[in-house]
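The listed protein sequences derive, respectively, from chains A and B. End of the first sequence sits at 255 in this note's numbering; the numbers just go up one at a time, nothing left out. End of the second sequence sits at 255 in this note's numbering; the numbers just go up one at a time, nothing left out.
One should not assume that every hint holds.
Since the list can't tell identical chains apart, any single copy or any two copies may satisfy a pair.
Unchecked claim - Below, in silico cross-link-like pairs of lysine to any residue (SDA-like), each with a Cα-Cα straight-line distance of 25 Å or less: (1) K30 / D189; (2) K49 / S59; (3) K30 / P102; (4) K30 / S125; (5) K30 / Q111; (6) K49 / V105; (7) K30 / C232; (8) K30 / L158; (9) K49 / A205; (10) K49 / T127; (11) K49 / D189; (12) K30 / E101; (13) K49 / L38; (14) K30 / Y62; (15) K49 / S60; (16) K49 / A91.
Hints listed in this document are in silico derivations from the structure and should not be mistaken for laboratory results.
There are 2 protein chains.
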Amino acid sequence: MSPSPRKPRPAGRPPASVLTPEKIASAALHLISREGNFTMSKLAQQLEVAPSSLYNHLSSRDQVLAAISDHIAQGIDTSALTLAAQQLDLRASEPQQVRRTWIQATSHWARSYRRAFSLTPAVVTTLAITPVRQAPATLAMYENVTQAFLLFGLSHRQALLTIEALEAFLLGAALDTQAPADIFNPSPHQQEHPAIWAAYQELGPTPQDEAFELGLGALLEGLACQLQGPKPSEAPKARGTTPSFTGT
Amino acid sequence: MSPSPRKPRPAGRPPASVLTPEKIASAALHLISREGNFTMSKLAQQLEVAPSSLYNHLSSRDQVLAAISDHIAQGIDTSALTLAAQQLDLRASEPQQVRRTWIQATSHWARSYRRAFSLTPAVVTTLAITPVRQAPATLAMYENVTQAFLLFGLSHRQALLTIEALEAFLLGAALDTQAPADIFNPSPHQQEHPAIWAAYQELGPTPQDEAFELGLGALLEGLACQLQGPKPSEAPKARGTTPSFTGT
Numbered sequence: 008m009s010p011s012p013r014k015p016r017p018a019g020r021p022p023a024s025v026l027t028p029e030k031i032a033s034a035a036l037h038l039i040s041r042e043g044n045f046t047m048s049k050l051a052q053q054l055e056v057a058p059s060s061l062y063n064h065l066s067s068r069d070q071v072l073a074a075i076s077d078h079i080a081q082g083i084d085t086s087a088l089t090l091a092a093q094q095l096d097l098r099a100s101e102p103q104q105v106r107r108t109w110i111q112a113t114s115h116w117a118r119s120y121r122r123a124f125s126l127t128p129a130v131v132t133t134l135a136i137t138p139v140r141q142a143p144a145t146l147a148m149y150e151n152v153t154q155a156f157l158l159f160g161l162s163h164r165q166a167l168l169t170i171e172a173l174e175a176f177l178l179g180a181a182l183d184t185q186a187p188a189d190i191f192n193p194s195p196h197q198q199e200h201p202a203i204w205a206a207y208q209e210l211g212p213t214p215q216d217e218a219f220e221l222g223l224g225a226l227l228e229g230l231a232c233q234l235q236g237p238k239p240s241e242a243p244k245a246r247g248t249t250p251s252f253t254g255t
Numbered sequence: 008m009s010p011s012p013r014k015p016r017p018a019g020r021p022p023a024s025v026l027t028p029e030k031i032a033s034a035a036l037h038l039i040s041r042e043g044n045f046t047m048s049k050l051a052q053q054l055e056v057a058p059s060s061l062y063n064h065l066s067s068r069d070q071v072l073a074a075i076s077d078h079i080a081q082g083i084d085t086s087a088l089t090l091a092a093q094q095l096d097l098r099a100s101e102p103q104q105v106r107r108t109w110i111q112a113t114s115h116w117a118r119s120y121r122r123a124f125s126l127t128p129a130v131v132t133t134l135a136i137t138p139v140r141q142a143p144a145t146l147a148m149y150e151n152v153t154q155a156f157l158l159f160g161l162s163h164r165q166a167l168l169t170i171e172a173l174e175a176f177l178l179g180a181a182l183d184t185q186a187p188a189d190i191f192n193p194s195p196h197q198q199e200h201p202a203i204w205a206a207y208q209e210l211g212p213t214p215q216d217e218a219f220e221l222g223l224g225a226l227l228e229g230l231a232c233q234l235q236g237p238k239p240s241e242a243p244k245a246r247g248t249t250p251s252f253t254g255t
């Protein structure tokens with residue numbers, strides 16, 4: 008992970024000049040993956056630069072986390088969702104058709120989200136609790152999804168809670184991609200646990216993908232019921248209360 | 008975290024005798040919470056015992072992880088789910104009623120699961136990828152849930168994939184409980200991100216709980232559709248294929 012420029016550096020140019028936020032983010036990703044965590048001084052050591060050089064580029068640990076977040080957000084595809092939302096004519100469409108379109112377009116975003124986060128578990132965890140305000144690409148991703156959900160008829164509040172609920176599932180599913188394939192294998196205690204043993208033997212070769220598609224379909228089907236709900240302007244604010252689930 | 012027995016130890020009794028798997032699990036939990044990871048030698052140091060004493064109780068890092076898993080599994084309540092499954096008469100019940108009962112009983116388990124895992128993110132991550140075979144209390148929890156789902160009419164394969172899909176959401180939601188309340192606050196970049204800013208301002212004081220209840224309701228509603236599906240004996244094995252979601 009030492010900086011290795013493609014052509015020789017001009018004499019006298021300080022090593023810090025080869026640092027970029029992207030390079031720092033990448034080194035921090037490696038540290039988190041390997042050690043579960045990172046400090047600015049360990050990161051400087053990893054990059055073979057003085058801590059002061061590091062701080063010239065990203066002035067705090069939070070800024071490094073934001074750079075990692077943006078690095079991952081660039082792999083998340085909101086284009087299908089945005090396009091579907093822009094092409095939708097909410098007044099001329101049947102509710103059933105609006106729900107189908109929303110499910111299809113949101114699935115596209117969701118699959119790319121899970122893929123982008125299918126990294127070492129420590130990275131997923133670290134980012135799951137990192138505020139987005141210093142991460143412009145991450146913020147842009149959230150803004151795109153929220154805008155699209157508004158066009159589909161969700162209120163602002165519904166849109167953000169829907170994103171948060173979906174994210175819980177997507178981050179958990181991304182973690183699950185890193186679990187060993189035999190995580191549910193009860194052997195050598197299969198005799199005491201016959202149901203889980205029989206179930207484990209019936210799993211296909213990619214249970215994580217199957218569970219993900221099962222859960223994503225179910226979750227989106229359930230969340231799409233909100234698209235039938237009251238118009239945004241009529242929706243109760245219900246601050247501090249548990250939102251009632253408007254399922255069938 | 009040093010061993011501090013309530014009464015003075017008998018003279019000559021070796022320090023290792025105050026170690027218990029529970030005490031080791033608790034020390035490892037603290038290490039993971041603080042440092043994102045642990046090694047057996049760091050754990051021995053934390054407990055102020057020789058590594059060999061530690062190995063007398065739990066013979067590997069995996070066994071320590073299993074002890075942590077069991078410690079957490081003991082906080083997960085499967086009783087309502089088991090009771091509802093045992094009291095159910097599948098042949099005499101309307102499908103709609105079976106689904107309602109399943110959703111209610113599974114919610115009870117799911118809420119206790121999220122609560123039990125509402126720990127530091129590094130712990131959630133570590134356990135999300137730890138095989139269950141060496142953790143008897145964890146195995147028993149899975150066996151109970153699988154048995155109950157079978158009584159509700161799911162096939163073995165459906166039961167385990169449903170558990171895995173629910174777990175992805177529950178672990179993600181547990182992670183979300185550890186996120187700062189202002190994680191979605193775009194300020195000071197609110198002008199470039201008007202939708203996320205308006206949505207953020209409409210959130211109540213406990214968005215994590217609201218998003219959890221929204222997602223749980225939606226996910227269970229969607230997953231309950233499987234209870235209408237073909238009888239277990241008729242269900243295709245579909246090894247290696249993506250299960251089709253039998254939504255409405």
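When no copy is named, should K30 and Y62 be tagged within, between, both, or neither for a Cα gap of at most 25 Å?
Within. Shortest intra-copy distance 13 Å satisfies the 25 Å Cα cut-off; inter-copy 41 Å does not.
Within, between, both or neither: how does the pair K30, S125 come out at a Cα-Cα threshold of 25 Å?
The answer is within: 20 Å in one copy meets 25 Å, while 33 Å across copies does not.
One pair to classify: K49 and L38, alpha carbons no more than 25 Å apart. Within, between, both, or neither?
both (8 Å within a copy, 19 Å between copies)
Please work out whether the CA atoms of K49 and T127 approach to 25 Å or closer within one copy, between two copies, in both situations, or in neither?
Answer is both: 19 Å inside a copy and 22 Å across each meet the 25 Å cutoff.
How would you label the pair K30, D189 (within, between, both, or neither) given a Cα cut-off of 25 Å?
neither (35 Å within a copy, 28 Å between copies)
If the cutoff is 25 Å on CA atoms, where do K30 and C232 land: within, between, both or neither? Let me know, please.
Classified as neither; 43 Å inside a copy, 47 Å across copies.
Intra/inter-copy verdict for K30 and P102 if alpha-carbon distance must be at most 25 Å:
Result: close neither inside a copy nor across copies, 47 Å intra and 56 Å inter.
Have a look at K49 and A205 and pick one of within, between, both or neither, based on CA distance no larger than 25 Å.
Answer is neither; intra-copy 47 Å and inter-copy 39 Å both fail.
Between copies, within a copy, both or neither: which fits K49 and S60 at Cα up to 25 Å?
within (13 Å within a copy, 32 Å between copies)
When Cα atoms must be at most 25 Å apart, do K49 and V105 count as within-copy, between-copy, both, or neither?
neither (50 Å within a copy, 56 Å between copies)
Reference check for the pair K30 and L158, CA-CA at most 25 Å: within, between, both, or neither?
Classified as neither: same-chain Cα gap 37 Å, cross-chain 54 Å, threshold 25 Å.
Within, between, both or neither, where K49 and S59 count as close if Cα-Cα is 25 Å or less
within (13 Å within a copy, 31 Å between copies)
In the structure shown, a violation is registered for the earlier hints numbered 1, 3, 5, 6, 7, 8, 9, 11, 12 and 16, in ascending order.
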